[in-house]
Every structure is written in C-alpha cells, then in structure tokens.
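Heads up: the protein sequence lines correspond to chains A and B, in order. Quick note: the first sequence uses numbering that gives the first Met the number 0, first residue 0, plus one each step. Quick note: the second sequence uses numbering that gives the first Met the number 0, first residue 0, plus one each step.
Heads up, a few of these hints could be off.
One copy or any two copies: either way a pair holds, since identical chains are not told apart in the list.
[To be verified] Computed cross-link-like contacts, DSBU-like style, restricted to lysine-lysine with a CA-CA straight-line distance of at most 30 Å:
hint, residue 1, residue 2
1, K178, K81
2, K198, K18
3, K198, K244
4, K198, K296
5, K198, K253
6, K81, K18
7, K178, K106
By construction, these hints were calculated from the structure, which means they are not laboratory data.
Protein chains: 2
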Amino acid sequence: MTGYTSVIDVLGKLDEGEKARIRGWVYRLRRLGGKVFIVLRDYSGIIQCVLDGETASRLEEEVSRVDIEASVIVEGVVRRDKRAPGGKELKVMDLKVVGESHNFPIKGGEGIDYLLDNRHLWIRSRRLTSVFKVKHYLLEGLRDYFNSNGWWEVTPPILTMSAVEGGATLFPVDFFGKKAFLSQSAQFYLETLIFSLEKVWSITTSFRAERSRTRRHLYEYTHLEAEAAWYGMEDMMRVVEEMVKAGIRRVLEKSSGDLEFIGRDVSILENVVSTRFPVITYDEAVQILQSKGVSIKWGEDFGADEERVLTKEFEVPVFVTMFPKKIKSFYMKISEENPELVYGFDLLAPEGYGEIVGGSVREDSYDKLLSRIVEEGLNPEDYNWYLDLRRYGSVPHSGFGLGVERMVMWVAGLDHIRDATPYPRFRDRLYP
Amino acid sequence: MTGYTSVIDVLGKLDEGEKARIRGWVYRLRRLGGKVFIVLRDYSGIIQCVLDGETASRLEEEVSRVDIEASVIVEGVVRRDKRAPGGKELKVMDLKVVGESHNFPIKGGEGIDYLLDNRHLWIRSRRLTSVFKVKHYLLEGLRDYFNSNGWWEVTPPILTMSAVEGGATLFPVDFFGKKAFLSQSAQFYLETLIFSLEKVWSITTSFRAERSRTRRHLYEYTHLEAEAAWYGMEDMMRVVEEMVKAGIRRVLEKSSGDLEFIGRDVSILENVVSTRFPVITYDEAVQILQSKGVSIKWGEDFGADEERVLTKEFEVPVFVTMFPKKIKSFYMKISEENPELVYGFDLLAPEGYGEIVGGSVREDSYDKLLSRIVEEGLNPEDYNWYLDLRRYGSVPHSGFGLGVERMVMWVAGLDHIRDATPYPRFRDRLYP
Numbered sequence: 000m001t002g003y004t005s006v007i008d009v010l011g012k013l014d015e016g017e018k019a020r021i022r023g024w025v026y027r028l029r030r031l032g033g034k035v036f037i038v039l040r041d042y043s044g045i046i047q048c049v050l051d052g053e054t055a056s057r058l059e060e061e062v063s064r065v066d067i068e069a070s071v072i073v074e075g076v077v078r079r080d081k082r083a084p085g086g087k088e089l090k091v092m093d094l095k096v097v098g099e100s101h102n103f104p105i106k107g108g109e110g111i112d113y114l115l116d117n118r119h120l121w122i123r124s125r126r127l128t129s130v131f132k133v134k135h136y137l138l139e140g141l142r143d144y145f146n147s148n149g150w151w152e153v154t155p156p157i158l159t160m161s162a163v164e165g166g167a168t169l170f171p172v173d174f175f176g177k178k179a180f181l182s183q184s185a186q187f188y189l190e191t192l193i194f195s196l197e198k199v200w201s202i203t204t205s206f207r208a209e210r211s212r213t214r215r216h217l218y219e220y221t222h223l224e225a226e227a228a229w230y231g232m233e234d235m236m237r238v239v240e241e242m243v244k245a246g247i248r249r250v251l252e253k254s255s256g257d258l259e260f261i262g263r264d265v266s267i268l269e270n271v272v273s274t275r276f277p278v279i280t281y282d283e284a285v286q287i288l289q290s291k292g293v294s295i296k297w298g299e300d301f302g303a304d305e306e307r308v309l310t311k312e313f314e315v316p317v318f319v320t321m322f323p324k325k326i327k328s329f330y331m332k333i334s335e336e337n338p339e340l341v342y343g344f345d346l347l348a349p350e351g352y353g354e355i356v357g358g359s360v361r362e363d364s365y366d367k368l369l370s371r372i373v374e375e376g377l378n379p380e381d382y383n384w385y386l387d388l389r390r391y392g393s394v395p396h397s398g399f400g401l402g403v404e405r406m407v408m409w410v411a412g413l414d415h416i417r418d419a420t421p422y423p424r425f426r427d428r429l430y431p
Numbered sequence: 000m001t002g003y004t005s006v007i008d009v010l011g012k013l014d015e016g017e018k019a020r021i022r023g024w025v026y027r028l029r030r031l032g033g034k035v036f037i038v039l040r041d042y043s044g045i046i047q048c049v050l051d052g053e054t055a056s057r058l059e060e061e062v063s064r065v066d067i068e069a070s071v072i073v074e075g076v077v078r079r080d081k082r083a084p085g086g087k088e089l090k091v092m093d094l095k096v097v098g099e100s101h102n103f104p105i106k107g108g109e110g111i112d113y114l115l116d117n118r119h120l121w122i123r124s125r126r127l128t129s130v131f132k133v134k135h136y137l138l139e140g141l142r143d144y145f146n147s148n149g150w151w152e153v154t155p156p157i158l159t160m161s162a163v164e165g166g167a168t169l170f171p172v173d174f175f176g177k178k179a180f181l182s183q184s185a186q187f188y189l190e191t192l193i194f195s196l197e198k199v200w201s202i203t204t205s206f207r208a209e210r211s212r213t214r215r216h217l218y219e220y221t222h223l224e225a226e227a228a229w230y231g232m233e234d235m236m237r238v239v240e241e242m243v244k245a246g247i248r249r250v251l252e253k254s255s256g257d258l259e260f261i262g263r264d265v266s267i268l269e270n271v272v273s274t275r276f277p278v279i280t281y282d283e284a285v286q287i288l289q290s291k292g293v294s295i296k297w298g299e300d301f302g303a304d305e306e307r308v309l310t311k312e313f314e315v316p317v318f319v320t321m322f323p324k325k326i327k328s329f330y331m332k333i334s335e336e337n338p339e340l341v342y343g344f345d346l347l348a349p350e351g352y353g354e355i356v357g358g359s360v361r362e363d364s365y366d367k368l369l370s371r372i373v374e375e376g377l378n379p380e381d382y383n384w385y386l387d388l389r390r391y392g393s394v395p396h397s398g399f400g401l402g403v404e405r406m407v408m409w410v411a412g413l414d415h416i417r418d419a420t421p422y423p424r425f426r427d428r429l430y431p
C-alpha cells in the first residue's frame, strides 16, 4: 500500500476492517501478556495500535527498538473498540522504527527550569501543541479581519535609533560600532505609512527589557499593531472589538477541540463573541477599584493587581478610556474637554487577565506634539522625523497594539504567558 | 452629505452629476487664469479636482492654504472629461484644508542619500505605494498557500544564543550583560516543532551583517521559512514551486494595476504561474556558466554575478540542486550516491534576479550530523539541543527559507532591494 493516513482520518473516516498506514511518535507504550500496546501520536491526535502475541513475536526485533518518543510507521487494520481513545484502534500487521529514542528526558513531574532547559523536547507535549494550534488560528483570524476590511499589511523595521515608549526598557544592539535598539513598537513607522496607504497593520516581534518578572510579560513578543488615517477613538475601538471577536470566532470554529483538551471553558468565549464589550472611563475604573477596597488614587496607573481585580468583575473584555495624561505616552491626543486627560483606550481581557490592547488617538498638531515632547523632558531633535508627519499634511489618526501572546494566554486560559510561545524569553532564559 | 468616497470609487462607480466628498493629499497643484487644478491622492489613486474662477474666489482663504502634500477634504460633482486621468474629474463646490504643508522636502530630482534621509516622506510616492501593495498581496498569497494546505504557523524567537549559518555575520545584543544574537534563521527552531505539528512555517525578521554592499542584500529582512517532517527533496521543491506560484497568482489577481504603474511587464509573471519550473543540477549550472565564458570551477559557490548570468537564460524560476557539500551548511544531508554532494536546492528567480529560496533535506542521523559538526570545526556542545532532535525519534525532513524582499524585488521588477521594504537597513542606514 502507498501513502499514509493521519490519525484524525483513521478515527474519523475509516471503518472497521479498512487498512491504514500511519506514521508518528510513540506516546505511550505497554507490554502485557505478550501483547504490545503502542499509543501513537501524530500532528492530528493519538490512536492505540495493538500488536497481538503472534505479531509481536513475528516483529520481535523491531518491537525491541520501540520506546517512548521513537518515530515509527505502523500498518494495520482498523477495529472499533469502545475502550480505545477515539473509539477505534489499529490492529498492527507491520511495524517499522524510523528513529529510536531511549530514555526520553521528560517523563513527567519535572520542575519548570528543567522543562524550560528541555523546551525543544517539551514542546512535543499535547498540551503545548494544542496551545500552538489555538495561536495559529488566532493569528489567521486576526489577519483575515484586516485583509478583508481594506487594511494594508506593512513591514516596519526592528532595528531602530529611536524609542517609542521611552528608553529604560530598550535592548541595545551593536550595529557596526553604532548603537541601535530593538523595536518596542512599530507605531511611529506605521504612522508614516498612513499618508499613503491610510489603513495599515503589521505583525512584528517587539522587545521590552521588563524590570519585573510576572506571569504575563515576555521580553520578546508577537506584536500586532494597526494605524489609520482619519480614524477617531470610537472608530478604532470598533476595529479592536471586531478584530478580537474575529480572532476568537476563528479559534472557536477551527480549534475548539484544542481548547477543550487544554481545559478551557469554550462557552466563555462563545459569550464573548456575541456580547458588546462594555466601555468605562478611567474615572469609573478607579471608583470600582476603590469600592473593592483597592488603595488606588486618581492619577495612578493600573498594575497587574488592579487589572486583575477590575476584570474579575467582567465576563467579556472591557474598554477603559480617557486616562490621565501623566500616566500615558506623549503622543496621545489631549482631551478637548479636560486637558488632564488623553484619548487613550485599553482593552482588558476578563477573568483577571488584564490588558491585551493599548490604543489612542495620536496628537496630530505639530505645536501640541512639540510641547508635549518638551514637557516630558525629551529631546525634540530625536523626534524630528516623527514631527515631520505633523508638518506636511497632518491628519487626525488613531492606532493600537495587541500583545498576541497575552491574547493567547487569555483565550486558552493559561496561567503563565510562557506557554503562549514556543521559546519564551525572560531575563534568565535565552536557551534553547 | 455624510461619509467619504475613495478616489477609486469616484472613478469607477459614480456617474456624471453625482456628488462626492473625497479626502486625501494634494499630489499636484496648478493655478491657471483664475482656476485652480488640484490633483488629489488617496490610498486608492488620484483624481483631478477643479475649482472654477467663481469657486476659487469664493473659497479664496482655504485655497491660499493649499500646497503640495497638504491634507484636504473636497466636495463636488463628478464630470466626465477625456483629458483627466481616469476619464473623470471633480468640479469642486467646497474645499477644506485639514493639515497644511509648505515646502515639502521632496520635489523631484533629489539624490538617493537625501531621499533615504527623508524616507518617512518619500514613502508617500505612488511608486513605493504600489510596491508595498504588491508586497501586501504577495504575503497574503504565500500565507494562504500554507494555511490552505495543512501547515501550522509558529512563532520562533529572534533573540538566540546560537548561530544557524555561522558566526561571522551575527549582530550581538546586550541581554542584561549576557551576549545574545539576532536570529539569522528560524530553521533550528522550526525543526524542533515538526515532532508535534509536522508541517510548520513562520514569517519572522532575520538579520545578517553582510560584509558587502549589493543591490540585493538587506541587513534586516522578512524571512519566510518552512519545515516538514517526512518530506524529501522532491516533496519540498513541489511546495516551493506551488507556494511561489500562489503568491504571484494573488499579486496578478489583486495588484496588476500596481505592477503596471511600476512598469512591470505582467505577461512575464503570467507565464511564470503557468509553466513548470525547470530543474538543473549544480554540475549542469557550472557547465552552462562555463559555456557563457564565466570563469567558475566545480566546487565554487555562485555569487550575484554567476546567478545573474545563469538566470538571464531563463524566463521562469529555475531550481538548482545537488550542491558540493563544502559550499553548503553542515546540516544538509549528504547524497547517498556521491558523498561530495548534499541534497540542497536553491530557487533562482529569472531575468538576472537570482536566489530567492534556499532549501535542503536536513541530516537526520545523529552520528552523521555530529561528524559534520566536528568536520566543520564547530563545537558540538553549541549544538547539543539541535542534536537532541536526532536522539529522540528522528525523522527524515526538509525545509527552506524565502527572502520576501528578494521575491518582491523580482516580482515588481525593481533594480534595488531597498524599495522592497519601507525602511531598508544597511551598514550606513539606520535612520529614520
């Protein structure tokens, strides 16, 4: 026989008595009274493959080479069996070991540092595989939202000389003796592109040398950013809500089995895509926090703790808007009604997960932007080309950034952001 | 009236006498005998807007503020006019300047360094805008190929401790006092992921500190990479050919107007998508080059010059396969028939453009890989986790990398790679 059948197709499409050839890795292995039970894993699932006593002894030499995580090819006949996972198993007629595996380093029960040292092997786990499938569909859904709605994908640089969010958390790069920095945000570059393409988006890697270790910060993360000419705050919040829902809808359509395997309650996400996201002001958020006994004063920023308390109140993401200007970046446009506030908006994921999107209207007046730069103690010369955008045909515009791993963390219901990406980077973690 | 109409819709959908409100930037400006002619540019195209003498004097104050690259809103009535670009113009009834623009720094005829210093303004050019639209559709088409054929998108890291292609062209990063490097390739990380997801792809930024300045090298570029378990060389070459054609097909469907604007002969690309890509061996390529008078000896690598001479012979991309092992990386699998050759394949774009894809079968034997590492004078300890992939359930596998800007350069027919990306990075170019 030629060709191979995936596990999902054996379980879903083949009937009792049909032949199949499958290839994959040994997930579980048990020898019992002359019989050999191999649970085989491929990209699509697991299936039990059974060698009866006669077959096991006929294939004795190959069988002796089988061990956990060995790669194998099995050929056999499909049998219905209520006790088997998936309701079917394969009665093995032939077995071939492709790559042996002895004493696979992950057996279960290891500590987190050991597992991260062996991340290149740990990522074979079915749980991480399910998370990565969720991420795949989430990215696909988010991109499709933009590409179906007239937005242009662009490719901003990562090596830069300028700091969007301030210099304290930048990684320096030795660029032929000159000092460059790894990008924290593509925002300024996206802003330059709205004067031709008008509505642009990008997915790039961003880098932040965070000072604190938390469950929800990566030093290197997947950053989806968007910027649009002529868009005000309401317009951009509508985009964010539609985009987040489009991403989750794709995950629910294509990957709900993965969510269930991870243990995520799918009904929570089904509710999210069919509910309007509530909008509260920063003022209201402070009042809610104070009423919960959190000691926060007006004008203070929300940390992880405040966001956790606040979002435990909500079942769907909530927008917080109109922040004090002193806790937000200089490029945010100041309110026309209250000069202490800016047209900024964050989207906080519910269930305690906190910020996944940060956005704002951008200051489009040259004079106001310049005075904000000076007010913040920054050097206007460093922002010369950014100021040019307000010198030549400035337009009202808005934008936002989404932390993709943050969103994966929430959508998949993870308790630590490290599992939202194959190779998480932290202060003490660069290997493998 | 509410809402705005894009230029493309005014030209394509509105009839003589219909009202329209458009917003955009002033592309050309001419005052003639009391009349004012504004060519207005938005993301979708350009349109001539005419103020007759009466309107121009009624709107005198706004008109006086209009200059090249100012942002404006115009309201008026559509008129057919054979002389106007697009066959229609707008008879302006009202005009509003949103953002002024005086003495726009790019007037035409400036040198390349000046233009690159003003890249944030230069990218408004219609030519660059067209190239970026081509790139948008190319990326969309390439991704759709993978997502429609069962491949999983993954997010490999950029900060690494290891060098895939050797250390000479690495950018070092100061990672809290430790030395990290910017990734040159995600290949090793993708290889770790095939043991669960089997067929994976990623688009990340890669970095190479090239020693030479050429028209076709960027120091930072968009890298599409793919890796698949159980795939041999023929399988992977088929993927490459299908993927390249899928990308070009999308560009032809959606962006042929942009190609024509750039001056690209679309029929060349139409021929590419309907022709099988020829395959020649390295040996044959050397013979062709020698017959053209190029002084290359067997065993030498192809540089830009050799690739140019070779691919001028072809109208469609050509695969070159079976390279001498000494000019290729240690991870490529050695031929079973000739131990001096590896199962490597490059895809060279025609018309002199040269390499856009490099791929190979990967060495899947632990012993052979280890001896290749030693043979190359590399330290096996640096490749410990990579070797693990051959220790535990190794499988035959193959992969490749595509330089997206290289492909854009060829598809759009550019004479320099800098215009394939908004902010190209070279040894002396980090700003803006």
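Comparing the hints with the structure gives:
no., hint, result
1, K178 x K81, "neither (64 Å within a copy, 55 Å between copies)"
2, K198 x K18, "between (53 Å within a copy, 24 Å between copies)"
3, K198 x K244, "both (19 Å within a copy, 27 Å between copies)"
4, K198 x K296, "neither (37 Å within a copy, 51 Å between copies)"
5, K198 x K253, "both (28 Å within a copy, 17 Å between copies)"
6, K81 x K18, "within (19 Å within a copy, 69 Å between copies)"
7, K178 x K106, "neither (45 Å within a copy, 32 Å between copies)"
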